[in-house]
Structures are given as structure tokens and as C-alpha cells.
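As you go down the protein sequences, you meet chains A, B, C, D and E in turn.
When you number the first sequence by our numbering, it's gap-free, plus one each residue, and the end is 348.
When you number the second sequence by our numbering, it's gap-free, plus one each residue, and the end is 1528.
When you number the third sequence by our numbering, it's gap-free, plus one each residue, and the end is 2334.
When you number the fourth sequence by our numbering, it's gap-free, plus one each residue, and the end is 3369.
When you number the fifth sequence by our numbering, it's gap-free, plus one each residue, and the end is 4369.
None of these hints come from the bench; they were simulated from the model.
Just to be clear, a hint being listed does not mean it is correct.
Where chain A lies over chain C, by a calculated footprint (3+ residues, C-beta under 8 Å) [to be verified]:
1) 2009 to 2021
2) 2132 to 2141
3) 2144 to 2151
Anything over 10 Å on all C-beta distances counts as not near chain B; from chain A, calculated [what the hints assert, rightly or not]:
4) Ala75
5) Phe106
6) Pro260
7) Phe309
Every residue, glycine too, gets a C-beta built ideally from N, C-alpha and C.
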Amino acid sequence: MPTTPSSNPSEVPGATGVPGVTGAEEKIPFHKRKAAKVDRLAELMGDRGDDGHGSGIWREAFQRMRRSPMAITGAVIVALFVVIALFSPLIAPYSPTSQAWGNEVFPNRNEFVGPRAGNWLGLDHLGRDMFSRMVIGARQTLLVGVVATLVGFFFGAILGGLAGACSVLGGRWGRQVDNVVMRVIDMMLAMPTLLLAVTVAALVGPSLTTVMIAVGIAQIPIFARLLRGAMISQGNREYVLAAQALGVRKRKIALTHILPNSMGPVIVQSTLTLATAIIDAAALSYLGLGNPDANFPEWGTMLSEAQRFLSSAPSLAVYPALGIIITALGFTLLGESLREALDPKLRK
Amino acid sequence: ESDRGGAGGGDEQPFVFASAGDIASLDPFLATDGETFRYSRQVFETLLEHESGGSEIVGGLAETWDQSEDGTVWTFGLRDGVEFHDGDELNAEAVCANFDRWFNLTGAYQSSNNSYYWQKIFGGFAENDEDHAPPEPRFVSCDAEDELTVVIEVSEYSSLYPGGFSLAAFGIMSPSSLEAMEGQEIGGEEGNPTLPEYSQVPGTVAGTGPFTVEEWNQDQSEITFNRFDGYWGDPAGFETMIIRAIPDENARRQALEANDIHGYDLVAPADVAPLQDAGFEVPTRDVFNVLYLAYQQDHEALADLEVREALAHAVNRQRIVDTILPEGGEVATQFHPDTLDGWSPNVREFEYDSELAQEKLADAGYEDLEIEFCYPTEVTRPYMPAPKDIFDVITEDLQEAGVTVEATSYEWAEYINQTDSGNCPLYLLGWTGDYNDAYNFIGTWFAGPSSAWGVDDEELFDKMAEVSGNPDEEERVAGYQELNEMVMDILPGLPISSSPPSIAFSGDVNPPNVSPLTQENFAEASWK
Amino acid sequence: MLRFIVRRLLQLIPTLGGLSILLFVWLQRLPGGPEYALLPDDATAEQRAALRRSLGLDEPLAVQYLSFLGRIVQGDLGTSLQTSRPVLDEFFLRFPATFELAVTAMLIAVTVGLPLGYLAARKRGTVLDFAAVGGSLLGICTPVFFLAFILKVIFAENLGWFPSAFRLSPGLSRTDITGFVVLDGLMTREWDVVADALAHLVLPGLALASIPLAVITRMTRASVLEVMGEDYVRTANAKGLHRTTVRTRHVLRNALLPVVTAVGLLAGSLFAGAVLTESVFAFPGIGSFVYAATQTRDYPVLTGFILLIATMYVFINLLVDISYSLLDPRVRAQ
Amino acid sequence: MSLLEIKDLKVHFPIKRGVIIDRTVGHVRAVDGVSLSIEPGQTYGLVGESGCGKTTLGRAVLRLNQITEGEVWFDGRDLARLDSESMRRERAKLQMVFQDPLGSLNPRQNIGSILLEGLQTHGIGGPSDEEARGLSRSERRRLTTEDQHRRVVDALERVGLSAKALQRYPHEFSGGQRQRIGIARALVLEPDLIICDEPVSALDVSIQAQVLNLLEELQGELGLTYLVIAHDLAVVRHVSDVVGVMYLGSMVEEAASDELYETPVHPYTRSLMSAVPVPDPTVEDTRERILLAGDLPSPANPPTGCRFHTRCPWRQEELCDTERPELRPLHGEEGSGTHRVACHYAEQILSGEIQPSEERAERIVHGMS
Amino acid sequence: MSSSTPLLAVDELSVAFHRRGHGETRAVDGVSFTLEEGKVTGLVGESGCGKSVTSLALMGLLPDRGVKVGGSAVMRLSDRGEEVVEADLLRISNRRMRDLRGSQLAMIFQDPLSSLNPVVPIGVQVTEILKRHRGMRGTPARKEAVDLLYRVGIPDPDRRLNEYPHQLSGGMRQRALIAMAVACKPRLMIADEPTTALDVTIQAQILELLKDLVTEEGTALLMITHDLGVVAGLCDDINVLYAGRAVETAERGPLFAAPTHPYTVGLLGSIPRLDAPRGEPLTPVRGSVNDNIAWTDGCAFAPRCDHYTMECLQGPPPLVQVANGAGEGDDAGSAHVHRCVNPISHAVVVDRAVLESPAVAGDDEEERG
Ligand SMILES: Nc1ncnc2c1ncn2[C@@H]1O[C@H](COP(=O)(O)OP(=O)(O)OP(=O)(O)O)[C@@H](O)[C@H]1O
Ligand SMILES: Nc1ncnc2c1ncn2[C@@H]1O[C@H](COP(=O)(O)OP(=O)(O)OP(=O)(O)O)[C@@H](O)[C@H]1O
Ligand SMILES: [Mg+2]
Ligand SMILES: [Mg+2]
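I would like the entire structure built from these sequences, with the hints used as guidance.
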């Protein structure tokens, strides 16, 4: 079953008989023989299966990821985390801020309450239910990760997209714009991420928003460079030239051709940034720039608060730490396997 | 393991103490921070001091002191036979040389962070430099009446005296070192002061204290002391002592546990019991501080006394004391620790009663009170060991009483700014006394209108001025008691607790007497 | 090559200039000034205002910046408000500690990461590979300060194998020549100092190494895997070369190129990463000092240190680029 | 009148270098004074070694490369002088087929959208102004959409693909099919001229033949004009009416396809022709081979005089390395005047007056000891 | 008999790749051929038919895992003295293979740039093989390397030794690769599309070089290419591969003069020939290699064949001797074999009209879309 017809105009079915056919077949009428042949061929080629329709690179990547244990582990972790985060108020048995058991815990005397029937993960240093705090904390943590990533993604994409588009299509003037934007990005890159975050946090004052903005800003140059790099490499591809040859406007080429094709690495990076954001947020909390509001427990804050009790009640620190590590691991695994799945080198 | 690190120095291993930060200068006069004063107390002595382990003022370099009737002339009888580290002898002229130097400082020395305590106690200078805007001078003169008698005159009486004479900033230095410092200015251009060399490199400054400064290693934030054998009192228990900075509270504890250090200050309450259990010496200081919850009365609801009372009833202060503060702390009934004269047993008290609080709020028409509540991050203060925990507990209590709390946190520097400017309706703050005088507490807060409190009570302010200006000690104390009662009626805030800050030592060490003013004399400590 | 270096150095000027303006404006806008950090709690509003004035902070920002620029041209980064010592002095006082720490971390990361990544690639799909990949992912995902804490609790507090704080045991006498403890110790043959300093470097070094180690392991692995599939490796095999020749000359040499870049980038980030590690281990380096400076609003220190760190970062990258071009003739040609 | 007339076209790429600000330190003379003209309905084939500037020339016509100098007359207008917006519109009439069939298709666009893009950009299709009168806007839009869709399907069918391909993505097709899509993309705009840059060199032989047949077929049906660029002389000769041979940025010989094959004059053309393998052992065994020494010199630093003199077996002591030969009609002979050569000694070579020096090629052939 | 044993006898070579989730791919499936000293054997076929895999299998360069190699490839390693040492290249130890590679067996790859290590100077890459197999080092090795480079026609070899691959032109890179291959005078050389990436003029140089090598050194050359033109000029015996199996094997004369397998015929019909009259359409094979069916189901070529019958789908067709009469009445030794149940007789080939015969293609196309 050829997918390509021959362009030979004389190749009209049934024009002449088939030469050299053996005697046995001569008895069967020609058209029947032909039909049988077609059927048989179709049958033989049938099991090869169709390549799938309307699928793109993403779909293919998805297919590949479905077979990767790394991707599956990552996806399961992330899915679990997201489900917990979304439904946390339903899952948490108690209010995360209720100090209902406040008189049972004495941090000043080193007396803590471990896991027990009513409190599966025990109580924290102020007599709050650790399990509920972990569950509700997942939501805050997810929020931090997502918003920080969006901040970095959004501004990074604008900067990088601008630079990339200008560099590829803007001619001489565009290269100047690209140059200027890149200088700014270089400047941001040269500034140590954590210090950048710390100063941002100090500027805005400690809060959840601060952490999200600080972590997000620190990611801007990474996204920007990535997108710019991808756009420039895509911009040198022949399909861009083809679009230009069609007479498509430059702005449209940048937006509908180059940009969508450059988003792959950026999307991969977003997944990885989610992990980074969660870890960086924890670091900021450790430095005292985390969420001040006890009403919204967040793992990073919980971890940094619990460090004080690490030797007497290690579990207070270990639960949120594990939460952070596992979640970050989930996103990293997912991102890495996505990267692998999208890698043109690994694609046939 | 007792010879770890013993390779250097003498034959005895050095005693290593961890502070929270490096010192700022070798000359305490230029400093404002506790770490510098901790260092300077080992090296320099002041005219007056506090009793070992207490807050009573006792003689230091002066054995006797007297004030004139109007309290403006102070006469000190110096201790005989006191020798400076550089061999100079202590006499009245030496003391006056110090005071004269201070009074005649010029230029950047007059900047408020280079002569903060001078300006606070003695006002401005002989010639005030407008650039730095120091206040009017209060110091008049220092005269050596005879070899061992010093007469210091001030322009007006203040309850700052005689306590002010005990401030570590006024450690007396030897005449030779003063000479050597002469002409050493605070350098750098405007806005970029660099401290003079004598305050950075050991060798110039010489005091009379039990230790001499051997070395200040700035890259390690480490200062090394040697025993001063010519000390007039009991010689120091350690031959060598090192104070090194570990800013992080957990790191300090872990370093002690790992035996990298032999003592540290600012022990977290949570660590006290475990450390004691593990065989460390964790003596508890006497209480000399107050932690309070301030009600900023520019806030509409807080201007209502009933609301303030309601909030006072809403907070379960006992729980804070029981679960968060170190053992030995207690609920404060007034803005004044009970270890200090002027404490009144008769102040109005507020029981924890959430329902009553709710009722009162309802009466005042604030059932749905929403209020911002600030706390500082990244600090522990002796009176406030875990700000966030305390904040969380209070928040929970307030919410129990139906108040909706909006949490805000600031870093310490910003926190002071915000609370000072009255931007926080509710906030946590406190004070540790510098010396034994009630004015050092309530006077700091309620001597006049301030945006920190938003209190505007002329009667209170007048009374404060009157009492504090009274040179008669007994009358003054009675006055302070009344004032305390008055304050608790006005209820500008809720005193929460007075809690004893702890200091920890290795089990091998006989700790010094611990001081409520956190002014330990490490000469008293020794190896077991 | 020289042209390239000069060009890069000249490009540094606008970058640093821009960065300094950015920092200047930004930092001065931080809420809460030094007047709150430097004076005691009971200072009055007048006193604070006076301090601001005497520090020159009441001048318009532009004026402040210009005088800052003027000084910077003369190599003066101002003085720390906290310690009143010149910022440059402060930097070089603390830089050796951080540098030693960073070098230790990098050494750990490289000496462990390279072989591990290489082995993982060679034994692709085996338990070793799985462990290396898993371990490095875990390394990336564990918050550094938490790891540092765990290391300290286990190896310093409980086992007592390594010291938990400082750069050198207190009281240990040493000769200070360069500020680099280990180097000085080696130069003066003070072996006890060297041993002591090294012991102090182990735990913070490990903690700081965790991320570079993980990154290098993964990069090496990926890079080796990629190179092993390259045509020229096939050619080398077709020439019948010994396996070791193929692996060293043809595989490793090419595989290490991208790793070199990564090492450079990581080295830059180590100085910033030191903030966390240093504060956990009370290690007296630039990280902890900068952190303290943010708390006290020590503008000159913040501006100066960040500029210096950024310069260093750019320099390290320049070095990487140069070494890259030495290693890769294709780049050299350009 | 020619459909496309290129006069003395030059495309130089600046080589930039500098410490702070980039200075231009030289130029890559990718195309260095080429003139040619293409008649309507003709196929013009351009051959030459890799790097000789064929692609650059093709792109310059479409102004996808900056033109340094020269004129490109198309349809009575000098494209080199058009402002960018008019040039953009002009592109509807000038289309291009690229070498890499996959690379020149946006992987994220389905075939339908790839083919529609050009129509939408140039607003082709839909009711004419007259027809559109009185129609509502949405109606007009509907008609336009329908018409464009029809045109797309039409183009697809012309290249032998069915309308089912519309929803599919480039990577789902085989190489030959992708190249057909590339051709359809050019075709749908109904251009006057299609520039094919190495349209078959990335394809397998059998597919290559399919595509070549298709191109010819389309020309027969639609009367297209082609500029076919390729490095394979056999391919070019197979499809072209006129063949131009390029060497290092300039045209060395131009003649009607058959004439060029029968009487190649320029030494480069001769050696090129002798190097093309013929799938016939008898021919191969008897053929005389002119082997060239060395490689193409760098276009940034081309040899003086005749660009080919460094490799030319017929090189003479005079002129060759000093004077650049012009592309000129061949003197004498039956030359219809269409045979043009850029060689000082073309006639002498043709007549056998000048013989190739053996030694140059010798060293390679008998180089093995 | 020893003298008549071929240098390398490949018998029923098969290579299957296993990939997780993909099952088994038989890239090479029972290919047999022999190589003789001083002779050139060609492997021809479209992309993906298993040419490279065959060569890699012989060189033992297939990946360690996920590959199953069957059959045998017996090579005569030495015939010094009476004793003949033979070894099956597919079975000998890795160590032994490494010793053979480079010294007895050498290979030239398709892409000269990617086949050279970009960061190692050419000199080192040449001398390392001398060091490995001939124990040369230092100055003698360098001198030998210079000599080698000179022999393959690299001008100024002394300077080139210190240069890196990217500084060389494509032709020179390929020469350098050839220099490495011939460094130890191997008895067997495999060239995997050595000229595909090169220009025709350069290709001619390289082919000439290879030809000389074979005639002068008596090396056996396995020439892999998809270009029948190249094969026509160079090879003595030719194997046409399709989908992993040889479909036709013959000496070059008969193969080009009287091809019998429809695939071979199709390939020949696909090539535009420089010497063919212009305007004649090509007659390519339909479809592409993607359209194969499994050999187990019948002839893999059937879906593209204009010639197939039901018989073709009745299981794998065997390799059979071509019935005589197809040209020269040659002896039984020179085998012309094909794998076709319904071959094209020579008479038919001549008659093109018959070849362009009925097909089911049209119908199929509609079904598939
Ligand atoms: N954008 C560019 N900048 C600088 N030089 C260029 C650019 N594009 C092409 N060149 C140079 O111009 C010369 C001609 O290139 P061009 O691509 O036109 O050659 P070509 O004949 O199409 O070769 P090929 O057969 O390899 O496609 C080459 O030396 C090339 O390096
Ligand atoms: N490592 C591998 N894993 C799986 N399949 C492979 C591998 N290498 C080759 N193949 C498959 O084996 C078949 C034959 O490949 P091979 O490289 O031998 O083709 P070729 O004839 O050399 O083609 P080309 O002309 O493109 O070089 C192809 O279908 C290819 O997909
Ligand atoms: Mg080209
Ligand atoms: Mg191949």
C-alpha cells in the first residue's frame, strides 16, 4: 500500500496485462486476480498499524514517556501532590492552625507528642496537628511553585522572546535590541540567584508573595536565555525561510512559527523550575523571608521553624523536608523525562 | 578531649565562648552593641558596676560615690592600687582624662552611632558639630580633687545617674593609651567612616580588667584574651579565653554539643532542658526584662479602652510562659520586672478569659474586629526567644476571641522602623534593662507622646517627669509604683512576660555568676 | 585570543555599570535603613535621623550614586556601615574562607562526579547507573541547608568525626600569609593547621558540593553517552585502538567539554550558595557576611560584595570560555 | 521578454570582527557578478560545487538575502530596489522549493495550515470584487475560506496527495511526500516562477526520480517557469532547457542543455561533466576523466583573474591569473549565440589547440606509491 | 583449495535489533557474498536497506546490547606458509577483533567530518593507528603519517598534521580518513558511502584513489553506496539489497546490461543520465521503503512492484540462479542470482512500454489517503 503514487502519467490501472505471469494464474480473470492481490497486500500491511493522525511532537513525546519508569514515577508523585494540594481542605482532619493540643506540647521542656491515633503524624511545637499542616502545606507549596514559575516564565519569555525575535528577524536594528536585552539578562545572571532572591525578599518584606516573586525573578534570566537560544536556533531553520519566501509578515513568523517551535525547552524548564522554586522557597524561608502567616502553613516555613527541634523532635523537620524533597523529585523526574522525550537526538 | 586545640597559647587550653556576632570596635565608647560590651567588660572597668549576679549598683573602680543634694555633682572615691594593663596607675586624673576626651571629641565621633551612650547619658559635646546634630551637653566637668577623688558635674539631675556611670561604654582606659589615641580620627569621607586604628588593632587600648586583649582576628570574628596578672581583684580563672561569633542559634548549640566551644549565650528556651540533661551547665539569669504586646492607639479600635481590655483578657499568657519561655519565666503584670524597685503589687490584672474578651468586644461594638499584628523575623531577643511561636499562640488566642488577625512580619531593622513609626497596630516588643532604674523601663516608653504607642496622656507624662527628676530615691521608687499602676489602668499594651535568658557552658566549666543584665564577668569562671 | 579576552573584559564594563545602578537604586529602596539596625532599640527618632544624615543617606540618590562611582573609579567601594572597615578589606578578609570552601566543594564535586557520571554512562542501565542518577536527582532536590543540617547532626554532633563550626579550631596559632589557611599551613609546614583546616572544610564542603556534584554527575553521564554514540568514536574503534585509548582520547576528551562549561557556571553559583552553608556551619566567609549585611542594611557591603561576586562570576565564565577554546579547536578558530 | 533577468548580481556577506564594535574586515563574495535571464515557461538549471553561491543566488532573487549590488528584473520591476513591503507582496509570484523537505516544513503546522498560509497572507482566493459586491462580510469570508480550501486541495491533488493529508503533520510523511508538500506550498499561490533549491538532493534515487517527474509534469500542465539549483549535473541537465554552471560566485558557462552536454567548453564544465558517474559500466570504462586538483578556494579570498585558474588543467601562463574573463558568447561555430563561456581561451580549447596539462591530475591518479 | 578460498566469505549474515517496546527489527536478513583480493564488491540499495548495518556487523562495531547477529563471515587471515588461518569475524573475541581492525580490516565512513574527532589534531589521529598496529612512535610515526597523507593526495601534509578536522575541506577529510584506513595496508577495506557527502569533482578524485588502492595494493574493497553510477565505474561484483536482503547479485556487466529484479530495474530507471537524450521521463519505483511488507509474508518489494503476482505474496521468495539466456552465456561460476519469482526477462527490459504497466497503486492510494 504505497503512500506515494507514482507521478508517471501512463501508470493507469489496467492499461495492459501483466507480462510473465505463470500459467496457473492465467485462468483467473484479471480483475479478480487484481482484487485478490490488493486484498492480500492490504491484509499483509494491515498489522503495521497506522502511524496515528493529527499527532504532533508532543503526542509522540507522550508516547515515549508512557514507557519510561522515570516519567511514570515523576507523574505519579506530581499527580498525588497536586491532588492532595487541590483537595487539601477535604483531606485534612483538623484545622492546620488550631492549637487544640497546645497544652500537651512543651517545646521549652523538650516535650513533644509523636504520632498517635488522633494525630497521625503527631503534633507540632505549638500543639497543631502535623498531618493537617502537611496536607494544607502542600497547597501552599504548590502555589509557591506554580506562581514563581509563572513569574519567571512570563517575564523571561517576554524578554527572551523579544530578544530572540529581534535577533532573528529584526535585521541590524534588531540585533541591537537583542544586544541590549542580553546585557540586561547577563546582568541578572551575574547576580547570584539566592542573593537576588534575598534582596527582592528584603525589598518587598517577607511574605508568601515575596517568596514567589523573588524565586520567580531569579528564574527570569534562565527562561529568557533559553527561549532566546531556542528562537535563534529555530530562526535559522529552513521553514522560517520558507515562510518568509511565502511573504508572511515578520511579526507573524515570529509569533506563529518560531515561537511555538521554541517553547519545548522552555516548557521543560518550567517543570524543572517548579522543583527549583519549591526548594528555593524553602531556602528563603530558612533565611527568614518566608510566609509569615501561620494560617497558611508552607513546607519551607515549617522546615525552617522545625530545625530548632531537630535533635529533640526530628520528625517535625523531617516531614516537611521529605515533602519538599519528594515533590521536587517528582517535578524533576517529570521534567527530565519530558526533556528526554522531546530531545530530537533521541527521536528518530 | 580536653586538649583539643590546646596546641597553641599556654599550657592550658583556651576557654572558647560563642557570641552571636563579632565586636564592632576595641573601644566600647564607640559601640552600641552587646557583643562589644561583653568583650569590653572583661578588659575595662567602669566607675560603678553591678553586683556579681545581681542588678544592684556597687563600686567598680570607684569604691565610694556620692551625689550632691540636687543630684548634679557626683563625687567618686577611687580604689587604690589599681593598675592598667600597660602599667599605668589608676588615679583621678586618669579617670578625668577619659571623661575629658569623650567630652571633647569632634567630627565623626559625634555621629550618633559612634557616641550613642555618651549622648544618651551626658548629652552633647564641648563643641557640637552641627553635621551630626548631637543634643545639648549635660556633662559639665570632671575634676581630680585629689589623687583618688573624682568629681563629675552634670547640668541637671536625671534618673540616668548613677546607673549611667556603670555603662560598659564608659570603660576607663589608661592615660598612655589615651595619649596614643590622640589625633586618631574617624577617617574616610563623609558617609563612609572608617574607625581609627586603635579601635581595630589590639595594643593601644589598655584597661584595668581581669583580661587583656591579645588578638582580634577579624576574618574569623574571634577575639583572644589573656589573663591580666596584675589585676587588683581575684585573678581570672582562665589563662586564655576566646570569644568567637556564631550568628546562628542552632549552630551555637551544635558547636557546644560537638565540643567545639565551651559556652555560648542566647540559648533557645527549647535547648535549655536538653542541654541540662546532657550534662551541660545552663545557669539561668534573673529576670530583668519585659515582653509586651503593644496596642498602637492611633488604631481606631485600640483607642477604645474596652477593646484593649478585651484583648488583654483574650491572651493566654500563662501558656506562653509554660510552653515557650524558658523555665523560671513568669507572666508580667506590668511593664516592669519584679526584680526592680518600683514594681507594684497593686496593679490592675487581667485574667485569661476568652468569653469575657468576646463580651467586651461585643460591648465595644467590635465583634468582628480585624487587626494587623506584626512580629519580627530572624531575631531572638532575651525577652523574646521565639517571636514567631509567641506570635502564633497569641494569634490563635485572638482568633478564639473572634478577632481576625492579619499577620505581618518584618526583619528586625525594618520592624523597629515600622513599629516606631506607628504602622503596626499590634506588635511584640520588649526591653532588657541596662541598669537598675525603673526609668530605664517605663521611662523609655511613656515619658512623652510617641508614635510607637500613640498614647497621649499628659497626666502620665507629667507624672513621669516629676518622679524621674526626683533625686530622692525612696520617693522616686514610690512614684514609680504609682506610675506602674497608672500605666496598667491606661493599658497602652499588654505586658506578657518576664523571662530569664539562659547562658550555657560546657560541663567542664565552673560558670561565672550569671547577671540579670547579661553582664557576666568571665573572670569568675574556671575549668573544673 | 587576546582580542577575545580584551573584548570580553570590555564588555564587563557596561554589565557592571548597569548592575551597580540597579543595585544602588534597589538596595537604597530596601525598607528599614541602617539607622534602625545600627542604633539600639531605645534610640529616638532624632538620633536616627541624625545618623542618616551623618552617613550621607539623606542626599538625593543620584548624588549618592555619583559619589559612589567617583570612589569606585579609585578602587574604593566604601566602608561597611556595620564594621566601619573598607568594603574591599572586608571582602578580602572573608574571601579566602569562601574560596577555600568553594574549591573544596568543587573538588569533591569534580573528583566524585566525573568518575561517577562516567561509570554510570559506561554501565548504563545497571544498578550503579540507577544509583548515580537517582542519587544526583536526590542531591538536586534536597534543600542545601537541610542537608547541611543533617550532615552536621550526624557527623559533628553525634559521631564527632568533624568539627561543626568555624574554619579553624579556636586557639590554634597559625601564621597568616595569604589568608588561605590551607595554603599558609602548607607553606609554613604547620601540619596541624592544615589538618585542622581540612577537617573544618569537610562537612560544609560536602553540603555545598551536593548540587554541583549532582549536576556534574548527570552532565558527565549524558555527555559520555552522547559522545559514545558519535561517529568518531566508531572510527576510533574501527581503527582497532585499545579500549583505553578510545575512552580517554576520544570519548572523555570530547565528553568533558560541556562539563567544563557546567563547572564554570557552577563555580559562579557556589559563591552565592555559600550563604546557606556558611550560616549553618558558622563558617566565616563572604556568604554569611553578606547575609548579615542584608539584615543590617549595610548598603556599601551589599553593593560592593554583589558587584565583586558578579565580577568574579563573569571572570570565571571568561576563564571557562578561554579553557573551552583551548580544549575545543573549533571554538578557537572563531 | 524574459520573465526574470538578473544583471550583474552581487551578494557579499560581511566578515565582522572587532574588539568592542564589530568592524567589517572582509567579505565572503558568495555571488560575485552573475547575470542571467529566464524566459517564461523555461527551466533554467544552475549547477556548481558546494559553496559556489547557488543557494545565495536563489535566495537573493527572493530578497531573502541582502543584495549587495545588481539588478533583479522580474515582471518589469527591479526587485533589488523594492521596499520590503512591496517585495513581500511580490513574493506571491515568486516561490521557492527547499532542499530539506522536513526542515522547510514547520513541524507544528498541519499540512492544511502550511498550504493556506500563503493564500491568507496574500489574500488570494475568494470572490472577485465584482462578485463580492452586495455580499455581507461574513458571507464574503465564507466564500473566501471555501475558495482557499478548494485551491489547497487542488494543489495537493496536483502533487499527488489526497485531501486527507490536510490534517496531518509533516513528520507523518515520507521524504518524497514532504517534498511534494513543499512543491504544493509553492504551487498554491500560482506563482510565475518557482526557484527550486536542490529539490531532490536529500532524497533517495527512486524518490528523486518521482519528484523530478512531478516537476516536469507540472510545468507541462501549468506552464511554470523554474530556476532549478542543484549540484548534480545529471539532474540539472535532465530537467533544464538552459543550464548555467557556476564556479566560486560567478557563472562560467551557460548554454542550452543539450548543447552544453555535447560541447562543453569551459574547463570546469568539462571536468564536472567527466566526473559525473554514469550507471553504465561500458561508458564508465571508456570515459576520459578530467580530475581536478584540490578543492574550491575560499569565496572570502577568491583567486585573482579567472577564479578557476588554480585548478584548471588548461591553464595558460597569460591572462588566466591576471584578468577575470567575462561571460561572453562563444565565437565561431554554429553557436546560436546562446552558448556563453567565461574563459579567455574557450575557442582554443574547443578546437583542441590547447591541451590539458596532464601533470596536475597526474599527481592524484598516480599518487600512490 | 586454499588459493581459491575467498578472502572473506559472508554467509547468511543477519542482524536483528531489539528495542524495548518495539519488538525485533531485522535490519539484515540472510545476506551472503564474498570478497576477493584486488576486487571490489558493491552493496547497493536505498536508504535503510541495511548496507551500513552489514558493514558494521563485519567490523564488529554494532552496539553491545540489543543486537543479535547470525550467520558467519569467515576471513582468511594469513596465507603465509601452507597453513591457512581463518576466523569467523562474527565469533572471535573482542580483543582479537580489535587487533584485526585497523590492521587487517579497515573502514571508511560516510560523513568525514563527524567521523573525525574534532578536538584531536589529524596527525594524532593518523599516528595513533600506526602506534597501535605497527608499534611506531615519535618521529618515525610522524614521518610515516606525512607519507600517508601525501599518498592520499593531501597537499602540504606536514602542516596538515597539526590541523584539526574542521580546518580541512570535505575532500581532504575523506582523504585523511582513507589515509587512516590504509595505514596498515589492510587486506580488506569497507567503504560506507565514502563519497555521498562530497561534490562530484571531489567524488571523482576519491573514487580514483580507491581504485588505485585496490589495483596497487591488492586490497579487497567492499563498496557501499546507493549510487549505481559509482558502482558501475568501480565494482566487479554487485549486490543489490532491499529491506535487509540481497535481491540481486551479479557481476557489473550483466547487472547493468540485463537486470532481472524489478527493483534493480527501477533503480536504474530512476537515475537521470547525463548521456541520455533529454526530455525522456524517468521511470522510478513507486512509493518508498516504508511500504515494505515483511519478508516472511512474501516479497518485501511487492507493494512497490509493478510486476507482482499472487505468488509473490506466498512466503519469502528464494534466491535463485538467473535463467540463462539473459545476455552473455557465461559459466556457472559467475553467479547472477536474484530473489524474485516473477523476474523481468531481458527482452522485457528493453521494451519500456511493458514496464510501465498496470499497477494497483491508484486503488491503494485511495484507501490510504
Ligand atoms: N549568511 C551567510 N553569511 C556568511 N557567509 C555565507 C552566508 N550564507 C552563505 N555564505 C557563504 O557563501 C558561500 C556560498 O554559499 P551558498 O550556500 O550559496 O553555496 P551553495 O552553492 O548553495 O552550496 P551548497 O551546494 O553547499 O548548498 C559559501 O562559502 C558560504 O559559506
Ligand atoms: N542501532 C539500531 N537500532 C535499531 N535499528 C537500527 C539500528 N541501526 C540501524 N537500524 C535499522 O536497520 C535498518 C538498516 O539500517 P542501515 O543503517 O544499515 O541502512 P543503510 O542501508 O546504511 O541506509 P543509509 O543509506 O541511509 O545509510 C534501518 O531500518 C535502521 O532503522
Ligand atoms: Mg545550497
Ligand atoms: Mg548507511
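Outcome of the hint check:
no.: 1; hint: 2009 to 2021; verdict: holds (count 4)
no.: 2; hint: 2132 to 2141; verdict: holds (count 4)
no.: 3; hint: 2144 to 2151; verdict: holds (count 4)
no.: 4; hint: Ala75; verdict: 36 Å, holds
no.: 5; hint: Phe106; verdict: 5 Å, violated
no.: 6; hint: Pro260; verdict: 43 Å, holds
no.: 7; hint: Phe309; verdict: 6 Å, violated
Of the numbered hints stated above, those contradicted by the structure are hints 5, 7, listed in ascending order.
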